[in-house]
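These are the residues of each chain, in order.
2 protein chains.
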Amino acid sequence: MTKFEKCWLNYSLVSEVSGWKDKLSCIFTNLDGKCIENAVKELRVAIPEIIGGNTPGMCICAPCVPSEGIVLKKYDKEDAEYYDDFCPGDEGYAIYYKTDKSLLVIAADTDRGILYGVFAFIRQLQKGITPDKMKIAESPKMPFRMIDHWDNMYGDIERGYSGNSFFYENYRIIIDDRTVFYARMMASIGINAIAINNVNVHQTETLLITDKYLYEVKRINDIFASYGIKLYLSVNYAAPVEMGDVDVSDPLDERVIKWWEKTSKHIYDVIPNFGGYLVKADSEGRPGPFTYGRTHADGANMLARQIAPYGGNVVWRCFVYNCRQDWRDHKTDRARAAYDNFIGLDGEFDDNVVLQIKNGPMDFQIREPVSPLFGGLKKTNMFLEVQIAQEYTGQQRHICYLVPMWKEILEFNTYASENGLVKDIVSGKAYGNTLCGLAAVTNTGNDANWTGHDMAAVNLYGYGRMCFDTELSAEEIGREWIRATFGNDIEINDAIYSMIGTSWHTYENYSSPLGIGWMVNPAGHYGPNVDGYEYDRWGTYHRSDCKGLGIDRSVATGTGYAGQYNEPWSSLYERPETTPEELLLFFHHMDYTYKLSSGKTIIQHIYDTHFKGVEEVETMINTWNSIKEKIDPNVFNRVADRLNIQLESAIDWRDRVNTYYLRMSGIADEKGRTIY
Amino acid sequence: MTKFEKCWLNYSLVSEVSGWKDKLSCIFTNLDGKCIENAVKELRVAIPEIIGGNTPGMCICAPCVPSEGIVLKKYDKEDAEYYDDFCPGDEGYAIYYKTDKSLLVIAADTDRGILYGVFAFIRQLQKGITPDKMKIAESPKMPFRMIDHWDNMYGDIERGYSGNSFFYENYRIIIDDRTVFYARMMASIGINAIAINNVNVHQTETLLITDKYLYEVKRINDIFASYGIKLYLSVNYAAPVEMGDVDVSDPLDERVIKWWEKTSKHIYDVIPNFGGYLVKADSEGRPGPFTYGRTHADGANMLARQIAPYGGNVVWRCFVYNCRQDWRDHKTDRARAAYDNFIGLDGEFDDNVVLQIKNGPMDFQIREPVSPLFGGLKKTNMFLEVQIAQEYTGQQRHICYLVPMWKEILEFNTYASENGLVKDIVSGKAYGNTLCGLAAVTNTGNDANWTGHDMAAVNLYGYGRMCFDTELSAEEIGREWIRATFGNDIEINDAIYSMIGTSWHTYENYSSPLGIGWMVNPAGHYGPNVDGYEYDRWGTYHRSDCKGLGIDRSVATGTGYAGQYNEPWSSLYERPETTPEELLLFFHHMDYTYKLSSGKTIIQHIYDTHFKGVEEVETMINTWNSIKEKIDPNVFNRVADRLNIQLESAIDWRDRVNTYYLRMSGIADEKGRTIY
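Protein chains in written order, with this note's numbering: chain Y, 1 to 676; chain E, 1 to 676.
Careful, some of the hints might be misleading.
Identical copies carry no separate label here, and so any pair may be met within one copy or between two of them.
[Said to hold, decoys possible] Taking lysine-lysine and the DSBU-like style, the derived pairs with C-alpha atoms no more than 35 Å apart in a straight line are:
# : residue 1 : residue 2
1 : K595      : K547
2 : K547      : K331
3 : K671      : K331
4 : K630      : K133
5 : K547      : K600
6 : K34       : K127
Rather than coming from a laboratory, the hints here were simulated on the basis of the structure.
Given the structure is predicted, the values throughout are model-derived calculations rather than measurements.
So that you can see chain Y by itself, here it is in the shape it has in the complex:
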C-alpha cells in the first residue's frame, strides 16, 4: 500500500468549540448496522481532534433517556416537532440541540441519513459553530451522486494524473486501509454510487463480473456499503462474445439475453446489494448495439431487464459520435451527435436505465455550451456527467477550480418546462424521476495526497458537496474545503481562495479562446497545439484562416447545431450578436476584426486574455509564497512545484496561441508586446 494523507478529513482543533469537551463526551444510540458503526467511529475520531479532550464514550441504550452528549436516532415525531415540514427520506437528516437535556441530536430515517448527519455535524464544528447553535434539516438535492473511476486493472488510470490506481495493481484487486479510507472520504461528501473500473472495458476488466474477480469485488462492495455507497461495474457490451460463450452480442438475440440473465443472477447471488452496470457502447471503438442494427434503447433495456428484479440500474453513456470524421467534411458536426443519436429514443428506456450525458456536446473542454439533450429529453432518466479529472483543464498540474463551471451548467435554463434548469431536470424536480443526478469522472490515484495537485482535491470535495446541496455557492464550497484541509486560519482561507476562486477563467484565458476548445496536444491532451487536432479525425476543429476562426453551427448557414436547443436559445445562438460571447467561436466563424462588447477585436481579445492569464498565474504564485510560513513545508513545496509548472505551461500556451494568430492574421498586438 502506498502512503496516503487525510485530505479534508485532516481534522484540527477549532478554538471556538473547545469549551464543549466535556459536554460531548458520550454518544448514545439504539441503532445498529455497519453505517451506524462508521458514523460513531467518525465522531470518536473527529471530536477529540476538533474539540480536544478524550475520545467520547459509547453507550448503546434502547430505549433510554440520556442526557448530555450526542444522540443518533431514528427520526420520529419528537424530532418532527422541531421540523414541521421536513421528511428526511432515504438520505436526509436533522441536527438540533435539545437544550433541556443538553443533547445534540442527529436524527434520520436511515443509517445513511445518520452517517451524512454525522459528517454535517462535524463540518459545523469545523466552522466553529457550537452544538447549541446547530439546527439543520437537509436531504440531498441529487438522488444519485456518482463517481466513475477510469482505473484499469493493470494499475494505470485513463486520464489519471495522481499516480496509479489504488484499486488494482498488475491485474489484481487491492483491498487495504486505503480502500476503507477512500470510502470514508466519499461518504463524507455524500457520494452514494461508485463505478470502480474504466468505461473502456478491456480484456481483463471484462472478467470483473465473473468468479475470477467477483468475490474480491464483493469485498470492496461491502466496505462501500458500510459507508452507504453502491458499487457499480463498467461492463463490456461484447462480453458474451469476448468470453467465447456466444458469437454475437446482439441485444435481441435470445442467447445473449440468457447470457446476461445468468451472469446478472450470479452477480446478485454473490453481491445482493450490487448497484448495477455502467456502459460505454458504440463509442470510440467500443462495441454496442449499433453493430447489430439495434438502437441504444434495445441495448440498454436488454441489460436493464436482467438486473431489474434485483433493484439494479443501468447507467448508459451518451458519448456516441463518429470518431472517424474526415477533416475535409464540413457538414458532419460532432457537437450534434449525442442529441441526434438519443433524442428519438425519448420514452423508450426502461425505468432502471439512466442516460449519462456529458455536460457539453464535445468532451469536457474548458468552455462548452450545455448539452441540448438536457432540454430535449423529457421521458428519460438523466445523469449530468462532469469530469473532476482535469483532462483538458491542466491535468492536476494546473490549478483549475471547476465547481464554478459546474454551477453554471446546473443553473442553465433549458426552457424545457417551468422547471427547466439543468439542476431541476437532473434532480428529478422537473419530471419526477428518482434515478437521476450527477456522475463524475474522478481525479484520484495512489499519490499520497490522492489528487496529485493538493489544490485539485477541492474539485473532488466540491463535486460531492455541490451534488448534495446545489444551493451552496462555489465560494462557500471552496472555503469549506480550505478550512477542512488547511485549518481555520482566515488569512490562509483568503489566500487560497483567491488562488482557486477564478482559476477556471485563468485557464480559459491562456488556453483556447471564446469557446472554440481543443488546441491541445493530441492523445495526451496536455499543453498547447493549435493545429493538434485540426486535420485529424476527431471532429474537433477551429478552421482558422487568415481572416478569422470558429465553426458556424447556425441553422441558416452552418451545421444546424443551434437548432437543437429550445427557444430562446436556438434563436440566440443562431446569430453572433446574441450568442453569449464566451461561446462565440463555438457557434460562429468570425473575422479577427469583429468587435466584442468590450470594444476589442477578437484578435486583440486573444492577445489580451493570453497575456492576462499568465499574469494571473504569477499572482497565484505570489499569493502562495505569501503564506509559506503557515503551510506544512511538504505541502507548500508540492504546490509550489506545480505552480511553477503551471506558469511555464501558461507561458507556452500564451506564446504558441498568440504566435499562431499573429502569423495567421498578420494583425499586430495593439500594445506591442512580444509575440514570436
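Since chain Y is already given, all that's left is putting chain E on it; use the hints.
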C-alpha cells in the same frame, strides 16, 4: 526463422546465354579460403539457374593448365597483359575471356576481389552478355561501403518498416540460414562493413561487447567474414559507467582508458578480425565527451587508440545538435550544428577515426543542401551517411527511389579543392585517405521480402552498387535491379523503371515544398502535419505566416548558415535569386507571391506540385496494373496494396498542405481546384 525470399538473387534463365551450358561446366581454382568457397558456391547456384544445364563441376588444380570453363585465380602478369594499367588492389577484379583455351578468367589479388568478380560475372550473364564478350577490370570507387543497422536486441528496429530484426529476438541473437543469405546479398552488392546494432545503444546492447554476447557476435562475424564483410558494433560511450566499473566515462580519465583498453583487447582476442566501433555521442540524449568538457576528438581518439593495435576503426557520427531548442529562439540554427561542432577539430582525429556525416545538415529530409562539412574538413577521414530506410520519405509504404538523390549529393562540388566533388572527397581521391566512403542506415527487416515494400529493395541494392561504382547512372542501377529481381522482360523493365525513376520527385511534389522539409507527424515521421514540429524543440521550423514562409539562413540577415560553404556556394546561397530553387525556402523566408523561374508564384507552385504529385501516384498505379499478368500474384498484390496506401497518403499530404497554405495566405488556386 521467418520465411524469406531471394530478392535480387532470384536468378532466372537468360536466353541469350543459354548456348553456354556446356562451356561453363567446370570451375577451376587453386585458391582457397571461405570467400573463395562462397564464390564457387555462388557460381554453382547461379550458372544452372541463369544458363540452364547442370551444376558446374569443381576442380582444384594447383598448378594446372585447364581448358574450357571458369578460372578463379590470383591476378598476375599473365592477366596484366590484358589490362596494362590495372591494379586490382584489395577488392578489385578482372574478368576476361581467354579465347585460346575457352576460359572465362576471374582474377584478383584477394579472396574478396574474386568474390566481387564472381558477382560481377553473374550480373553480366544476367544482362545476356556471353562470356566471350566479357572484359571488365574494376576496383570499387569507395574504400568503405558500410551498412548500419538500427536493430535493437528486443527485436524492434528504430525507423524499421520491414518487420522486426533478423539479428535479434527478445534480447537473444539469432543465427540461421537468413543470416547467411543476408551476408550473401550484401556481398553481391559489394558491402564490406556492417554495424549490427542501433547507434542508440540501450541497456542490453551495451553488453554486446561483453562475454554475455561476444561469442554469438563472433559467429555472425565469421559468417560476414566469409563474404568479405567486417562486423562493427555500435557502442555506448557511457559503457564503463553503465556496467558499474568506473563512475565516469571521461575520455581523459586513466580508469576509463584502461577500461576500454582491456575491453578492446578482449574483443580482439575473441574476434581478431573485428571491424571496430560505431559511436553516436552527445547526440539526442546519448552520453559523450561533452559531459566531461572534452572534445569529440578527445572522445574518438581515446577509443581509437585502444583498437588501433588490432587494425580496428572508430566510426564517429557528427549528428550533434541542440535537441532542446526553444521555438521562440530564432537565432539558434540546427543546420549549423554539425559544422560548428566539428570544423575546429579538423586534423585532430587519429588515422583510424572516421567522421560519419549525414548528407544534409538536418536529418534525411526529402531535400536538403549538402552538408558544408564535406567542403570544410580537409585533414579528417569522412564517411557520407545516407539513409536507405525511408524514415522521412514514405517509410516503405511509398515508392521513393533514392539513388538519384544520392547521386546528386556525390556529384555536388564543394569547391574545397580541385577534386572537390563529394564523391572525390569520400572516395579518398581528394586527400588520399583510405578510411573513407559511405555508410547507410539500412531498410531491412524480417519481412519475407526483406524491405517491406518490394520496390524499396532497389534502394538497398542501389546503395551498394553506387558505392562500388559511382559512375553508374541511377537509371543503369535501377534497371539492373529490375532485371535481377523481375527477370529480363523489357516491358516489365520499362514499366517498373517508369514507376521508380522519378519517384523521389513525386514524393517531394506532394510533401514539403522547396527544401523546407519536415511538416510530418512528430515521433512517427509518417504523413503530413504542417505544424507538427513548428512549436517543438527540435529546431525544425518553417515559420509560415500570412505573408510567406521559409528560414533566412543568409549571413547578412539570417542565421549565417550560408557562410559555412565555400565560394561560390556561399554567395549563391546568400541571395534568393541565386539560390537553387529547390532549396529556396531552406535558405530564405519568401513571400507567397515571389515569382519562381517558372513564372509561377510560390503559393501557386505549392498548389501545383501537390496536385501533380498525386497524379503521378495515380500514373504509377496504372502502370503497375498494366503489367499485372507478368508479375507473381503475391508480389503484385503486395505492391498494389502499398500503392493504394501511397495514393491515400499522397492525397492526405496534398489536401493538408494546400489547405494549410490557402488558409494561411488567403490566396486562391489559380486553377480553382478543390482545396478544403
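Now for the hints, and whether the structure bears them out:
For the identical chains of this complex, K595 and K547 are neighbours both inside a copy (14 Å) and across copies (24 Å), given an alpha-carbon limit of 35 Å. Taking CA atoms no more than 35 Å apart as the test, K547 paired with K331 passes in both settings, with 21 Å inside one copy and 30 Å between copies. Taking identical chains as interchangeable, the C-alpha atoms of K671 and K331 lie at most 35 Å apart only when they sit on different chains, with a minimum of 25 Å there against 38 Å within one chain. When the C-alpha separation of K630 and K133 is checked against a cutoff of 35 Å, the pair qualifies only within one copy, where the shortest distance is 30 Å, while the shortest distance between copies is 96 Å.
Taking the shortest Cα distances, K547 and K600 sit within 35 Å of each other both inside one copy (16 Å) and across copies (24 Å). Proximity of K34 to K127 under the C-alpha cut-off of 35 Å is restricted to the intra-copy arrangement: shortest distance 28 Å within a copy versus 91 Å between copies.
The structure is consistent with each of the numbered hints, conforming to all of them.
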